[in-house]
Amino acid sequence: MEAWGAAATAALSVWLALVLGLILLPSVIGVSLGISELYMTVLVKTLEWATRRIEKGVKKQQARMLKDSASNGIIQRVDTTMEKEIASLHRADFELSDIFYFCRKGFEAIVEDEVTQRFSSEELVSWNLLTRTNVNFQYISLRLTIVWVIGVLVRYCLLLPLRLTLATIGIHSMIVGTTLVGCLPNGSIKDWLSELVHLTCSRILVRALSGTIHYHNKENKPQKGGICVANHTSPIDVIILTNDGCYAMVGQAHGGLMGVIQRATVKACPHVWFERSEVKDRHLVMKRLKEHVADKNKLPILIFPEGTCINNTSVMMFKKGSFEIGGTIYPVAIKYDPQFGDAFWNSSKYNAVSYLLRLMTSWAIVCNVWYLPPMVREEGEDAVQFANRVKSAIALQGGLTELPWDGGLKRAKVKETFKEEQQKNYSKMIVGNGSSGNLSSGTEPD
Amino acid sequence: MGSSHSMSEEIQELAEKTGFTSEQIEHLHRRFKQLSGDQPTIRKEHFDNIPDLEFNPIRSKIVHAFFDKRNLRQESDGLADEINFEDFLTIMSYFRPIEMNMNEEQLDHFRKEKLKFLFHMYDSDHDGKITLQEYRNVVEELLSGNPHLEKESARSIADGAMMEAASICVGQMEPDQVYEGITFEDFLKMWQGIDIETKMHVRFLNMETIAQCH
Numbered sequence: 001m002e003a004w005g006a007a008a009t010a011a012l013s014v015w016l017a018l019v020l021g022l023i024l025l026p027s028v029i030g031v032s033l034g035i036s037e038l039y040m041t042v043l044v045k046t047l048e049w050a051t052r053r054i055e056k057g058v059k060k061q062q063a064r065m066l067k068d069s070a071s072n073g074i075i076q077r078v079d080t081t082m083e084k085e086i087a088s089l090h091r092a093d094f095e096l097s098d099i100f101y102f103c104r105k106g107f108e109a110i111v112e113d114e115v116t117q118r119f120s121s122e123e124l125v126s127w128n129l130l131t132r133t134n135v136n137f138q139y140i141s142l143r144l145t146i147v148w149v150i151g152v153l154v155r156y157c158l159l160l161p162l163r164l165t166l167a168t169i170g171i172h173s174m175i176v177g178t179t180l181v182g183c184l185p186n187g188s189i190k191d192w193l194s195e196l197v198h199l200t201c202s203r204i205l206v207r208a209l210s211g212t213i214h215y216h217n218k219e220n221k222p223q224k225g226g227i228c229v230a231n232h233t234s235p236i237d238v239i240i241l242t243n244d245g246c247y248a249m250v251g252q253a254h255g256g257l258m259g260v261i262q263r264a265t266v267k268a269c270p271h272v273w274f275e276r277s278e279v280k281d282r283h284l285v286m287k288r289l290k291e292h293v294a295d296k297n298k299l300p301i302l303i304f305p306e307g308t309c310i311n312n313t314s315v316m317m318f319k320k321g322s323f324e325i326g327g328t329i330y331p332v333a334i335k336y337d338p339q340f341g342d343a344f345w346n347s348s349k350y351n352a353v354s355y356l357l358r359l360m361t362s363w364a365i366v367c368n369v370w371y372l373p374p375m376v377r378e379e380g381e382d383a384v385q386f387a388n389r390v391k392s393a394i395a396l397q398g399g400l401t402e403l404p405w406d407g408g409l410k411r412a413k414v415k416e417t418f419k420e421e422q423q424k425n426y427s428k429m430i431v432g433n434g435s436s437g438n439l440s441s442g443t444e445p446d
Numbered sequence: 001m002g003s004s005h006s007m008s009e010e011i012q013e014l015a016e017k018t019g020f021t022s023e024q025i026e027h028l029h030r031r032f033k034q035l036s037g038d039q040p041t042i043r044k045e046h047f048d049n050i051p052d053l054e055f056n057p058i059r060s061k062i063v064h065a066f067f068d069k070r071n072l073r074q075e076s077d078g079l080a081d082e083i084n085f086e087d088f089l090t091i092m093s094y095f096r097p098i099e100m101n102m103n104e105e106q107l108d109h110f111r112k113e114k115l116k117f118l119f120h121m122y123d124s125d126h127d128g129k130i131t132l133q134e135y136r137n138v139v140e141e142l143l144s145g146n147p148h149l150e151k152e153s154a155r156s157i158a159d160g161a162m163m164e165a166a167s168i169c170v171g172q173m174e175p176d177q178v179y180e181g182i183t184f185e186d187f188l189k190m191w192q193g194i195d196i197e198t199k200m201h202v203r204f205l206n207m208e209t210i211a212q213c214h
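Going down the list, the protein sequences come from chains A and B.
When you line the first sequence up against UniProt numbering, it's residues 1 to 446, in that order.
When you line the second sequence up against UniProt numbering, it's residues 1 to 214, in that order.
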């Protein structure tokens, strides 16, 4: 018994020492030892090998078809606008045939709609040896199965405990560190220390997810007094961005562990946390954000204008609120590589704990972050147009599709005002034509 | 769906009945399951989940068309409460594009079927005639979003169009003759010479079989 106890303690201390030396210390200094690079190279080689085996096992033809199916669509839509289509059919002002356009559009929508596709995880072209992405793939060979079993063992028995340890250390040090720093009087030392603490904890947390992040165009990094906007895929977007710089976060005050973290960090660094009741009051929210931005010494705010998690294949409507604050906008595009792990949080399917578990048992989180050049609202441009401009820039850089839809459709129905748009447009066409013809009330035409 | 024997037999039957290929049927089946929430039948409420459809001014007529028993090729009249996958495919088959290898007779039948579908959409009380009131209903639905348009204007547009229809179908009318409504034969007459086949179809991409497992 004694021997077991001693052996266990020894093993644990060796483990912790390794973790401290190889992971934590480099995080503080901000240096990478290259261990994760090595891991990634091995991983990539294994997955390439697996893909080749699958392609050999499945007929070549089918593999090509799999690639086609990954692109989203089973019907070919004709992209003419309502105006062109109806004009081509017209003999007179209103026609029975006008109904064709709407009929066909309705049917196309029933067969396939663009929006609900975005709220489920992206389908992969080839399997990455995770059961969860096994949609199309069947048993291929014994060797592949063995590799998969080894993969499961590695992920659950080796990586998961390591990641949990790191995550716990990271969160604890964040709370403790920021509380300590918060006790200091305001000044430049406090700011510097708070930056150090935030950066270190972010780095630990990124390593806890085996994250490999490539930052591009670092010269466009958000400056103080600006607003940083990015597309939203999962809660870890925040960690990805704070790994490279310090931001003032904006959000709702939560209870539980999240609340503890929020209260601790706000002492060290002026994050903007709103109470639930305050969130409803748009003017109050605006006022506080405007004040924050006006102070050029404060860190840039981080906002996700989509308002909800999208599955990283497209960018949905940017809510105009963030763009009415004023100041310079620094857009950032984040694109995850789905081959190594799916970061998207489908909150209707998974709760927070199972989401974190999935995240920690994926191979890795690989993503690219592009800092785009700053944008300001131009003369004569209203908030909605500005928001769309920023959205296009982000979608273009990240290689994502641009959709005009509201991310809120995940949970709510379409707003009444939008429903009427088509009818308004159509009736403008008819009445516009009709006013030159037979709109005099009551009298017969022609 | 897998590849069990009875499944593929069913698919073959459906393919023959509706004219879709088996790959298209599998895809539509996946969509059916998505809409119905994995249940075997769809009800009207299930169509509320499609945001794209909400924008369509005649969405209620389109949804209605799915449950219309005349479109489902059933002898009885009225509305069904729920439809299964075969009914879903039957309705979808009205929007199949023309195939290259159709002869004159088949083309004519095809066109008639599509026009009948459209006729049923207008004729909401199922009496076989599109009356002035029903016509007005459709026009009002299409134009209802415009707040500046008064009801009177919508009515006069409908009245004008109805007059034109009458003149095509019946020619000059006596002063005291009442035009009851557009029957299906009159409806066909109105569309003579106009190519509707290309306007009323949904083009499916050609997809090979994709094995699925859940």
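Worth double-checking, as some hints may not be accurate.
What the hints assert, rightly or not - Derived Cβ-Cβ restraints for the label pairs, each shown as a range: (1) B:K17 - A:P373: 56 to 62 Å; (2) A:N217 - B:E10: 36 to 42 Å; (3) B:E86 - A:K287: 55 to 61 Å; (4) B:T41 - A:V149: 37 to 43 Å; (5) B:P40 - A:E378: 53 to 59 Å; (6) B:E140 - A:R282: 49 to 55 Å; (7) B:I98 - A:K349: 54 to 60 Å; (8) A:Y156 - B:Q34: 52 to 58 Å; (9) B:D38 - A:G21: 34 to 40 Å; (10) A:H214 - B:E10: 45 to 51 Å.
Honestly, the hints are just simulated from the structure, not real lab data.
From the three backbone atoms N, C-alpha and C, an ideal C-beta is built for every residue, glycine too.
Handout entry: Ascending list of hint numbers which this structure does not respect
Key = 2, 6, 7, 8 and 9
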